[in-house]
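Asks: Each chain, letter by letter, is given below.
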Amino acid sequence: MNFGDVIGQAFRLIFSLDPDLLEIIGRSFQVSLSSVVISAVVGAPLGAVIAMARFRGRGALVVVLNALMGLPPVVVGLLVYVMLSRAGPLGVFNLLFSPTAMIIAQTVLITPLIAALSRQIVEDVWQGYAEQFRSWGIRPIRAVPTVLWDARVGLMTVLLAGFGRAISEVGAVMIVGGNIDHLTRVMTTTIALETAKGDLDLAMALGLILLLMSLLVNALSHAVRRVAGPAASLARV
Amino acid sequence: MKNGWLRFLASVLIVAFAGGLAAAAAADRPLLVLSTTSVENSGLMAYLLPKFEAKAGFKVVLAAFGTGQAIRAARNGDADLLIVHDKPSELAFMADGFGVERREFMYNDFLVVGPVDDPARIAGMTDVEAALRRIVATGALFVSRGDTSGTHKAELRLWAAAGLDPNSFDVSWYRAVGAGMGATLNAAAGMQAYTLVDRGTWLAFRNRRVLKALVEGDPRFVNQYSVLLINPERHPHLQHDKARVLADWLVSPEGQDAIGSFRVAGEQLFVPNAHQRNASRRE
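Going line by line, the protein sequences match chains B and Y. For the first sequence, the working numbering assigns the number 1 to the initial residue and increments by one for each residue that follows. For the second sequence, the working numbering assigns the number 1 to the initial residue and increments by one for each residue that follows.
Bear in mind the hints are in silico, worked out from the structure with no lab data behind them. Small disclaimer: the values here were computed from a predicted structure and weren't measured. We put the beta carbon where it would ideally sit given N, CA and C, even for glycine. Fair warning: there could be bad hints in the mix.
SDA-like cross-link-like pairs, simulated, lysine to any residue; straight-line CA separation at most 20 Å [as the list claims (entries may be wrong)]: (1) K59/Y x D181/B; (2) K51/Y x D181/B; (3) K59/Y x N223/Y; (4) K59/Y x L49/Y; (5) K51/Y x H182/B; (6) K59/Y x I7/B.
Just some of the chain B residues that point at chain Y, by a computed CB distance under 7 Å [unchecked claim]: (7) M83; (8) S85; (9) R86; (10) P89.
Not close to chain B: a few residues of chain Y, all C-beta gaps over 12 Å, as computed [stated by the list, open to error]: (11) G77; (12) E101; (13) A160; (14) A176; (15) Q256.
All chains, please: the whole structure from these sequences, using the hints.
Replies: Okay, structure coming up:
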């Protein structure tokens, strides 16, 4: 394999605006961004509650949550497959081998990650506020939105970590999506397929494009942070 | 409005979930065919399906797994139609009442490929049993699919025919990679090992490197593909009518001609043979 050729092919693919490739890139983003949004809506408040509340078994819950960050995608895929299969409990919804199934699998995969990392970040922010809120007589649960807002810069990085894990995994989406052309084919399953066909140059070029897309998302979020971050801090002062 | 935001959160989730379900249910569902990696990696279905769809007027989508995994998914009711290539497991599928009709409709053949320097000296042999025994005798590297696919099961039958038991093979030379055909070829190319491959995948494969076709033409290499219709009584939710239209087309003169006209690098990959075969039917 010649890396010059691979890079050349990657750029030719990008600038050719091949409709199939654009469709696959679009689906990768659709699936992984949807998963991140749902996981954020569930995971960030969950992490915040665990960070701020004090209850029996909290330490054990934190350990379990942290361990779940290491969930293997293929196991999540299998679990979701068994649930969504016609023979499984959610079979009637007919979701297997659909983008929805892929979103469900990736949501299961990254919600613990987002919850665990949010827990850590919110805990640090909460340390500075706990006394104040208590003196005002505000219950911690009511303070969740405020604290989440205050921790938003750190939480943005958490979301990026979740997005990175979602868009790069192949084990779960392959099992529940089936890598069906024009339906459930995403970047990672395409790379796996081209590798299986022995077209290593094309597979590598697609990998490079995936990396560029990831770079783009991170650059965008960095720009947003630079614009929104300082202004918001001023408003708070 | 205590916990108002929590309630808001819950309603957003419910709406999103219900919306997703409704969208999934409302979509005009394409026919889902579960097929084997050899059929997809060779490009056959990508060649056939547009021809069929133009005629039939509905969409067909294809998910590719090994024969073992495809049949398991079909047992669970997760496929509208099955195209596989392992007669014993197909017959078991029928006997267990999951299939209503099994039609053999095309074949290709297997071959043994290996490194050009050919340490076991099997190049040009046409007797696969003798070739396999020679690989064992020299302890040359052999890569097995090891994934209960049709090709893997065919390989196991060939070892058995040669009077050998793969369970007794040492990992020092016999490597079961548990992967699809393409990944197995990549492994064989990387290890400079022998492996069994179907001709379709082999001809379409782009990363041969040191690999070369060495043993071919043995009658035991015939690789028969069948299309299996699934029992509506077992799985009433499936699209049985559409499935039958596709199965009928595959065995029709038009479908058979299309299969015979598919070529990769000028070579015919699959031989249509529906007319010579009797469909086995479960009454």
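Asks: Evaluate the condition: distance from the CB of G77/Y to the nearest CB of chain B exceeds 12 Å.
Replies: violated (3 Å)
Asks: Taking the least C-beta to C-beta distance, is R86/B closer than 7 Å to chain Y?
Replies: holds (3 Å)
Asks: Going straight from one Cα to the other, do K59/Y and D181/B come out at no more than 20 Å?
Replies: Holds, at about 12 Å.
Asks: For a C-alpha distance cap of 20 Å, please report whether K51/Y and H182/B respect it.
Replies: With Cα atoms ~17 Å apart, K51/Y and H182/B stay inside 20 Å; holds.
Asks: Are all beta-carbon distances from A176/Y to chain B longer than 12 Å?
Replies: holds (17 Å)
Asks: Using 7 Å as the Cβ threshold, decide whether S85/B counts as touching chain Y.
Replies: It holds, given that the least Cβ distance between S85/B and chain Y is near 5 Å, below 7 Å.
Asks: If you take the shortest Cβ to Cβ gap from M83/B to chain Y, is it below 7 Å?
Replies: violated (12 Å)
Asks: Can the restraint linking K59/Y and I7/B be considered satisfied, given a maximum Cα separation of 20 Å?
Replies: Judged against 20 Å, a Cα distance of about 35 Å means the pair is violated.
Asks: Decide, holds or violated, for the assertion that all CB atoms of chain B are farther than 12 Å from the CB of E101/Y.
Replies: Nearest chain B Cβ is 20 Å from E101/Y, so the label holds.
Asks: With a cut-off of 20 Å on the C-alpha distance, tell me whether K51/Y and D181/B pass.
Replies: holds (16 Å)
Asks: Compare the distance between the alpha carbons of K59/Y and L49/Y with 20 Å, and conclude whether the hinted pair is satisfied.
Replies: holds (9 Å)
Asks: Check the hint pairing K59/Y with N223/Y against an upper bound of 20 Å on the C-alpha distance.
Replies: violated (28 Å)
In summary, the numbered hints that this structure violates are 3, 6, 7, 10, 11.
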